Structures are given as C-alpha cells and as structure tokens.
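Undergrad: Chains as they are written, first to last, in the working numbering: chain A, 1 to 146; chain B, 1 to 327.
The set of hints was computed from the structure by calculation and includes no laboratory data. For clarity, every value in this text was computed on a predicted model and none was experimentally measured. All C-beta atoms in this analysis are idealised placements derived from N, C-alpha and C, irrespective of residue type, glycine included. Be a bit skeptical, because a hint or two may be false.
Covered stretches of chain A, going by a simulated chain B footprint (3 or more residues, C-beta under 8 Å) [stated by the list, open to error]:
{"no.": "1", "region": "48-58"}
{"no.": "2", "region": "66-80"}
{"no.": "3", "region": "107-120"}
Take a look at the letters that make up each chain.
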Amino acid sequence: MYEPKIVAIFCNWCTYTAADLAGTARMEYAPNARIIRVMCSGRIDPQFVLNAFQKGADGVLLGGCHPGDCHYQEGNYKALRRYHLLQRLLEQMGIEKERLRIEWISASEGDKVKKVIDEMTEEIRRLGPLEIAETPAEQKPAVAAS
Amino acid sequence: MGKPKVAFYWCAGCGGCEEAVVDLAENILDVVEAVDIVFWPVALDFKKEDVENMEEGEIDVSFINGAVRLSEQEEMAKLLRAKSKLVIAFGSCSHLGGIPGLGNLWNKDTIFQRAYHEVPSLEKDNGVHPETKIKVKEGTLELPEFYHTVRTLNQVIETDYYLPGCPPTPKLLLNAVQAILKGELPPKGSVLAPDKALCDECGRNETKPEKLLLQDIKRPHEIHIDPEKCLLAQGVICMGPATRSGCEALCVNGNMPCTGCFGPTSRVLDQGAKALSAIASIIDYNEEEDIEQIMDKIVDPVGLFYRYSLPASMLKRRNLANTTKSS
C-alpha cells in the first residue's frame, strides 16, 4: 500500500509538546509524519514548505499554539498569514490544498496530534503521491554539460 | 596575446538585453577597442559554423541572454560552452528564467492550444500548428523543438557568472567587462552585483515607518503614489525587500514598485517564497476572514512574487500532472 510522506513542522511550546505527550501516553497514530521542531510557528519560512515538497514530501503539516497563546505573542498569526498566501500560490502551482495544513494544538492536546496526523495521512493516501517532474524526460540533457 | 575574444547570444528573451549592450553609448567604443567580437548574430554577420570551426576554449567570454525554451537554444548554449573559457548569464531570463519562465505555469500543449487556436485571429482557426519537420516542394523544413519547461542557463550548461537585471544596467555591464579585462573577477558562480537587498540603496528607505503594516493592498493604477514615501508604507507591493540591489532603484525612482528582476541575494534560495513571507508577515490582520479579504487583492501570486524567477525557484514549474486541469 502507498504510504504518504508527511513533513510536520511543530512549534516548541505547544504542538511539539503535545506530540511528546501523545508519545508518553502511548497513543498510536500513523507513522507517516516526520516531525521537525522549531521554536515558533512564526519561524516557518515558506521556503521550508516548498523545500519539503521539492524533496519528495507528499504533504506538509504546520503546528502552532492556539491564536492568542503564542509564546512570542504573535508568531502564530504570522504563520497563519503566510499559510493563506502560500495556499494561493500552491493552487497556481498545481499542488492540491489538502497537501498543506495548519493546525493549532496546545501542549495538552496529545489526542489532537493523533487525530490530525491520522486524518491527514488518509487524506493524502487518497490523493496519491505528489510527483513533481522538474523536467520532463524528453528534454533531459542526454549528456551532462561539459 | 591578442585582444580577448567575446561572443553574444540571444535565447528566449525579448531582445532588451541586446539593447542594453548598445546602451553603453559612447563607452561601447572603449569596449570594442579592448575586445574582439567573434560572434553576435543580432549585430554582426557570423554563422553557427564559424563557432563550430573554433577551437575549444577559443572564445574568452560568452554573454548569453535569454532562457532556454527551444532545442535550438540548448544546442547553441552547449556549443558556446564548449568553445568558451567563461560563460556569463546575461539578464534575468538567462539568470533566473525571466518573463518567459512564467510559461512554466503551462506546458507545450496548453500554450499551443492558446496561441494557435484560442486567441482571436484574423485568420480563423486554420489548424496550423508548428511542427518540427514539414515537407514542402523544395525539401524538408525544420523548426526547433518547443519544450514543456523553460530552463535557466545554468540548468542547461555550467555557468560561470551572472549579470542580473531586466536588462542589466550599463554600469553593471561596464564593471563586469572591466573586471574581466583586468582579471579581477570574484569567485565562480557569483552574481556580479551587490549582495544586499534593494531597500539598502533605495532613496525612500528613510521614510519607512518603524513598524511597517499593511491595512490594505493597492495596485499602482489605483492610487496616486507619493513619490517620496516608501511604497510598502503606501500599500503598494514592492519586491525591494526580497530583491538584490545594484540597479540603484531605477523603478522606484520612476515611481513604480520594484518587481524583482535582480533576483534574490545569495542567502535566499527562493525569491518568491521569501517575498511572500515578507508581505504576509506585515499584513495587519489576525482574523482569517480579514486575512482572506486582503489577500484577494493579490490576484496572481506567482506572477507577482516569481515574475522573473519561476524556473529558478524550488518548484521550478506548475505540477505537470495538474497542468491541464485548470488554466
């Protein structure tokens, strides 16, 4: 069966702590997400998301503190605005909107980590792999340039 | 040793870069004095076979402008690479893909469909479609292959230096020529322009408020732009913060926002993503509804943030698997 690859970028204070909680509580959830910890969802540069897609991720999940609860006051609002603009860009680039998701998960919501990752894995399994062909075979240089 | 041998070539571009060479004005006489032009199809009568007959590395510097869209351009770029000691990507198209690079939102089929069948034409859809080979009475005629994807020069051949801009300014070109003549070039792979954002040399930088926030986005035709004040502070999206300097803020001085033709600085991998990040972060709303409403004013995010750099971006083109689904 096709197993989607999901890159999850979680903030240190809320969502990553929640994922930790899900782990210590021994909750079982889809093993498809590779979690990367950043200090704040406001640190998530749109370049990270595009880089993940370019390197073979089928989906990218962003996690931060609930609105109003950001450890740095407003980092999650910046993440939210970037997410909305990035979604519009991805649509033009032919990447389905389900492949990028943002969720607010507080440190106590281990069960929400489980729910979101399970849900997203299934959703992307339905969509199938993201095959970004940078250069179609017909124009790949036959020999490397000297 | 004789004068350095120089070649110019034009790939997928508008020809403005060729014009930029002429824009050297009287300085071109110094350049012509100092170098020997051995190939320049737009101005001088040399043929491809003249280049083919040269030794490997015989040309000292080739300036190639334009992106690579056709098989002919790929062939010429490879030929010039083999015959040249240095290859310089000249201008935005060659450096980053440029305006032709926006064609990467489509593919060959959708572009041909639009250009040869859908656009209004005096001659009603006559089914004429460019083919790579066609037989006529006199023999077989050939046209180059039109690729699905536009590529930057360095995606096709090894490129030694980049002269950014749409087109590069005469000052940058002259600096580059002088650096070559004196043998004082920076490390290979460098972009021959300053490595700071445009805001650094923009005359309006002082008027930028301490905390820049966008309550609304205006397109240039919707307002009277104050010629003194930072464009972002007026709600006009300016690519200055995400664009390399070196043009001396030409567009801003003409009271129009920067559109990003110099590409990113060396520390940025993807100009569009960085510009998008900068603009999104200064939007002064926190509620999703308000955010959506202000973002509705950005009608074409790719065209705005990747106007000159789509083929050089991380994604390089629209996902081919979804290219036919919507326009």
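Undergrad: Establish whether the coverage given for the region 48-58 of chain A by chain B is satisfied; the threshold is a Cβ-Cβ distance below 8 Å, and no fewer than three residues must meet it.
TA: With 5 residues closer than 8 Å to chain B, the region 48-58 of chain A meets the three-residue bar; holds.
Undergrad: Verify this for me: three or more residues of the region 107-120 of chain A with a beta carbon less than 8 Å from a beta carbon of chain B.
TA: Our answer is that it is violated, as 0 residues pass the Cβ test (under 8 Å) against chain B, missing three.
Undergrad: Do three or more residues of the region 66-80 of chain A come closer than 8 Å to chain B, measuring C-beta to C-beta?
TA: With 5 residues closer than 8 Å to chain B, the region 66-80 of chain A meets the three-residue bar; holds.
Checked against the numbered hints given earlier, this structure breaks only hint 3.
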